[in-house]
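So the sequences go chain by chain: A and B. Using numbering that gives the first Met the number 0, you'd call the opening residue of the first sequence number 0 and step up by one each time. Using numbering that gives the first Met the number 0, you'd call the opening residue of the second sequence number 0 and step up by one each time.
Since no wrong hints were added, every one of them can be taken at face value.
Below, a list of computed lysine-lysine pairs in the BS3-like style, where the Cα atoms sit at most 25 angstroms apart: (1) B/Lys556 with B/Lys631; (2) B/Lys147 with B/Lys26; (3) A/Lys59 with B/Lys272; (4) A/Lys27 with B/Lys377; (5) A/Lys27 with B/Lys492; (6) A/Lys27 with B/Lys272; (7) B/Lys19 with B/Lys146; (8) B/Lys492 with B/Lys272.
Selected chain B positions facing chain A (Cβ under 7 angstroms, derived; list incomplete): (9) Val241; (10) Tyr245; (11) Pro277; (12) Ile374.
With beta-carbon atoms standing in for the labels, derived distance ranges: (13) B/Thr584 with A/Glu48: 49 to 55 angstroms; (14) A/Gly5 with B/Arg247: 21 to 27 angstroms; (15) B/Asp304 with A/Gly5: 52 to 58 angstroms; (16) B/Arg477 with A/Gly5: 17 to 23 angstroms; (17) B/Gly672 with A/Gly5: 28 to 34 angstroms; (18) B/Lys26 with A/Arg19: 40 to 46 angstroms.
Hint data in this document are derived by calculation from the structure and do not stem from the laboratory. Predicted model, so just to flag it, every value in this text is computed and none were measured. Backbone N, C-alpha and C define an ideal beta-carbon position, used for all residues, glycine too.
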Amino acid sequence: MEIMEGPLTPRLLAMGVTPRSTCVILQKAPFGGAAILGLDHHQIAMRDEELAYIIVDLVKDKVS
Amino acid sequence: MKNVALVGNPNSGKSTLFSKLTGVRQKVSNFPGVTVEKKSGMLRLPSGDEVMLTDLPGTYSLFPNSPEERLVVNILTNDQDPHYPDFLVYVADVSQLERHLLLAMQIRQLDIPMCFIANMSDLATKAVNATALESLLQVPVVVVSAKKPEDINTVKSFIQDNILRGNHRVSELTLSGYPLQPAEKEIIEAIGEKTGIRHGYKAKLMAHHGQWLDIAAPYKSWLEAEVAKKPFHNMESQVREVNYWYSRFLPVVQGLKTDTEQGYQSRLTNTDKIVTHPVFGPILFFAVMFFVFQAIYAWASYPMDWIEGGFSAVSTWLESVLPAHFLSELFIHGIVAGLGGVLVFIPQIVILFLLINLLEESGYMSRAVFMFDQIMRKFGLNGRSMVSLISSGACAIPAIMSARTISNPKERLLTILVSPFISCSARLPVYAVLVGFVVPDVMVWRIFNAPGLVFMGLYLLGILAALVSAWVFSKIIRSGEPSSLVLELPAYKNPDLRNVWLSTRDKAMSFVREAGKVILVISVIIWALSSFGPGRALETARVQAENESTERALAEKETQLLISQYQLEASYAGRLGKFIEPVITPLGFDWKIGIALITSFAAREVFVGTMATIYSIGQEDETATLREKMKKEKKQDGITPMYNPATALSLLLFYVFALQCMSTLAVTRKETGSWKWPVIQFAFMGVLAYVSAWVGYVVMS
Chain A
0 MEIMEGPLTP RLLAMGVTPR STCVILQKAP FGGAAILGLD HHQIAMRDEE
50 LAYIIVDLVK DKVS
Chain B
0 MKNVALVGNP NSGKSTLFSK LTGVRQKVSN FPGVTVEKKS GMLRLPSGDE
50 VMLTDLPGTY SLFPNSPEER LVVNILTNDQ DPHYPDFLVY VADVSQLERH
100 LLLAMQIRQL DIPMCFIANM SDLATKAVNA TALESLLQVP VVVVSAKKPE
150 DINTVKSFIQ DNILRGNHRV SELTLSGYPL QPAEKEIIEA IGEKTGIRHG
200 YKAKLMAHHG QWLDIAAPYK SWLEAEVAKK PFHNMESQVR EVNYWYSRFL
250 PVVQGLKTDT EQGYQSRLTN TDKIVTHPVF GPILFFAVMF FVFQAIYAWA
300 SYPMDWIEGG FSAVSTWLES VLPAHFLSEL FIHGIVAGLG GVLVFIPQIV
350 ILFLLINLLE ESGYMSRAVF MFDQIMRKFG LNGRSMVSLI SSGACAIPAI
400 MSARTISNPK ERLLTILVSP FISCSARLPV YAVLVGFVVP DVMVWRIFNA
450 PGLVFMGLYL LGILAALVSA WVFSKIIRSG EPSSLVLELP AYKNPDLRNV
500 WLSTRDKAMS FVREAGKVIL VISVIIWALS SFGPGRALET ARVQAENEST
550 ERALAEKETQ LLISQYQLEA SYAGRLGKFI EPVITPLGFD WKIGIALITS
600 FAAREVFVGT MATIYSIGQE DETATLREKM KKEKKQDGIT PMYNPATALS
650 LLLFYVFALQ CMSTLAVTRK ETGSWKWPVI QFAFMGVLAY VSAWVGYVVM
700 S
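Next comes chain B alone, as it looks inside the complex (with noise of 0.2 angstroms):
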């Protein structure tokens, strides 16, 4: 099958071009080895053919800035690549031909096979000429609008004729046309005779980029030495050569226009004047970003509840028609359980996709990271970081994958390492149940309700906490890619809806498929360090519980909560909260909560099920009488009690900090392509939580 290619400039229309051509039958995956996206899909030919159509990322020129153009100049320069085009389709965008032809002119020296579609994305455009351009390019031109539906079939049948008949034209532009400087035409023709490779601009574009380039990777050290020794400037040629380009096709393409729309981007648009105004643009974007905020928050709720609802009987059911066995135990509380834990996530990753794809795709997001990226620079972040942070408020998860969007490597990474600090919607009811313990409902100064500004407090720590490290990270990662800002704003427009939610289906899928399966192993170890326990343990636990209950003529249902209390303590959960008790002792944790804690890395949650399970509560109106029999814990003395202000805070504190998530673990992993950024994240926030929540229980006691 042919390998076709969609290369062109960011803002072409080619992505929109792509999805009308592919339809549904697209997919999206990585590039081997970069953190690109990749998106492909098949296109059918009205011959009833079918080609492998790939959206290459949008690129300004040869001359790459970004990780995503890099790769694009790796494709196109080397044959051996498997993602190396049988044939291209360039799309430019008709109003925007005095830049988008630049790519083409640079492209056209690597004699790949290619034909070029002016889009008319803006339906006002007068036709251009297409005869001019073909002759400028030397290849098939179409004129074409993507917004209209017979047009797509016009794309189809000029690829089609173009591929199947083999009809380029071959160039006539090659380099011979660009006068080489002497020091040019020097570093080429030793290029060529030290590497075989006789295309001229191919070993050009080895001159100026032997430090990334793969087909100058086995040269890489001898181009270096000899870029330094011979009279090449890098930087003045590469200039010169746009400047070249510049003054093939500008005249043609002025020669193009009926009509002088010269300063017509001279001004703001009217919306402009207001999406981005000093004080207005700000207000704008907070009032933006709350109704997003509100929708991951609120909304995600409903089918979130379905969900775990949905699991919850599913369970019951399996529960009384397995048999009781481990097998089934595994099952249920293993796998089933683990799978509702990886499907909750869903909706709110679906509902931030939908509105930041719907913010990308109608032209705010540029506009917003253009605001704040002052701000957010001075913590090494980037502009759409915010949003990240933002979204972090509901859930960490759908935040890191939202980071995908930060071109930088280094602003992307720090993004996704500090996004789990700021408080999400998981740990609000541990809040909730050891608020009460810091300080008495009371009002403050009349106004303040005295356990909301603690809720508040533990927020802002979040917040400050991911800020500060964010700074710090900044300045110990080392920077691979010089930080900069040159954004292009692009008109505004109507989100293509199909594009959308595509892309967002896309998201959902490739969590469920990469993180889902490390939330499923860490499901089923976490129930099986909380269901088993050494040799006969539990059993014994078991009859332990039974004879109590006994003694003390306990009914059917307290009964069964004691026991699953003692077997908690007796399982492998329970002996590693003993275990580390000595190590949370300073922190004021006894080993109940140490159990907890090790049952709460599931998900922060979890916590509250646990300690409900320890202290033998059903699992009705939970945390209410979870606060009772909390308040009424005694420390080993029997006198203290456990739950004084200064545990709740240490314990409060440390879960503002701790990376209570193996989700959130999952996520970072699969986001980074490796365990190293979620071994470094987990550590360096447990420490923080650790001396955090010690410093807050030595001030407190």
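So here's chain A without its partners, still in its complex pose (with noise of 0.2 angstroms):
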């Protein structure tokens, strides 16, 4: 995982979005926009534009 720079971008890796973690989106929002992202440790709720910063390579395609 690597995070593009932006102005969220010190809030994102504060909040524990950091380069080299895994990550998984659990579940959109009902009604889109959002998703949640589920991290090594702990869940953060994202809408899409901020998801876009997070530039993942795919290391399984299905979480089981």
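Join these two chains into a complex; the hints should help.
Right, dumping it as structure tokens:
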């Protein structure tokens, strides 16, 4: 996982969305526009725009 | 007395620890100048000494994104700030050290004496090695569980030992450890030379936050020019620094862990599978909200009846014992009645906040915010606004107060501004009296009752008005804060009931203290308007009524009612009603309605009482009798009925939109901190009410 630089980058970093950690989309919001991101030790809800800052390498196709 | 502050990330168990340490001796106020809640209280140490403990808002890093976090940075960097702590107690959750150490590393650069509490929120977590953390942070560390009572005493002695002995180890982690880039070094040196602030990390924070940092205020424009001139990249430097701290502490944290908990959060808990489910999630939310609504709407009515009954009993008793004098009148009908008008809101406020705090503490609220973010955002609101808007259906007072949990200032303001559009319970009596004049009591398509449909229409209109005006305001009001949603979803936990109760109690107290004053004053003014007239006008009215009563040979009770009617007409309120008649004639209203509009500014339901006085009806079964009287009322020509469907609809529309509630104004003032917004709210809603009442009247007649 990499983070693109933008106004929210320090925020994301401080909330534990850090490079080289693994993440997975766990749930889409009922009315769209946001999703729950599962990280190593916690979960964060984020809008799609903010998720766009995160660049990932695919590790596993689907988490069972 | 020493100032001790609790700092840490949100959801670190800081607030629970705070309430355990201070007990009931805590007090909630505002940090001056900002609407950030400040919780402080006395902490008695085992030695008997007392310190002032303040719970600073939860913060992720010294590169803040919200007003709360900016406040923390301002306090911690400015030793002239009245809240500047003599000693810091840092609270982190053992299971979340991977994140909770970042802020600790940054705060260590500020050289404030500090100790570190590693809190095991989850009793199943394996204890961590305090020594490794101590050598990383160079501060004393204790590992406890805030849930265990004996550990609270450990925390107290730990704080005592470290404050009293001045026992904090000198920082070895100054910025020298951080590999400064040439550009960073250059700006720090330039700032040091210009301002005399030789503290490297403070200077770096000034370079980052020159726009709002208190210690940078005298140099604001210089800093702006300097940062623009120098090859210093604000964002890049922040990212670099955060990454550096991570690289320092992550290896230590990983060394602490005996078992690999990797991937623990890579699946939804079973609870969240349902709670945030695309279909069941919203259904559950509305079920919960229906329960909340029901609780404030129905349950609160019992204590409200007791309060109202109690106050009217007290007034009756006072009337019988106090001499008939204008001061007694002022006391009974102005002050005592006004006090009753303040206290009657307490049950609703208490019930709403008990429930909201429970939802908040359990972790449910952040899920709800996540689910409704997208919908509410379209109107410039926040997922949390949903809770305020739904609560408004019972009463706008607690609803507006509940907007406090919205951290984006603009979204919070919008929620406050539009909440009163939702039809509250006080509008019901007004709707009940009038709706019968708009449509006959017949069935539509055999299943719907016509007045019921109109009722529903009025509620829908309110909702529509709230959403549309939120959207309009969101286009007009300038936003200081970019809207974003990066929201931690904490693990579900059992709410700390004492915390829930204390914060509910504080909400009720602050309402009485701050909004209460305004409500009391307006209530005295309205009382004075309706009990005094110019010169001897009221005396003349009494004589006139008595003469008429002798002529018509009326009974004692009816005479009294007639006197009240004539006196109200002769009072200043009556004059005002007549005075505004030209303005409200286009809406189909006469001066009698004018009087009711003025007096019902105290509270909408007063409309019914005033109309009853105007039509000389006693207090018993007033609605039914009032409707009969109103039906008979003719216009000046003596033929056309006054309350035709057009007038009634126009009046209904007026009450749907108009801010006929002094308590709402008082609470908006309290929550926004100035008269500007209540005035705008009142004017905006008033204009909308006037225009739609006029349109309704013209279309129907």
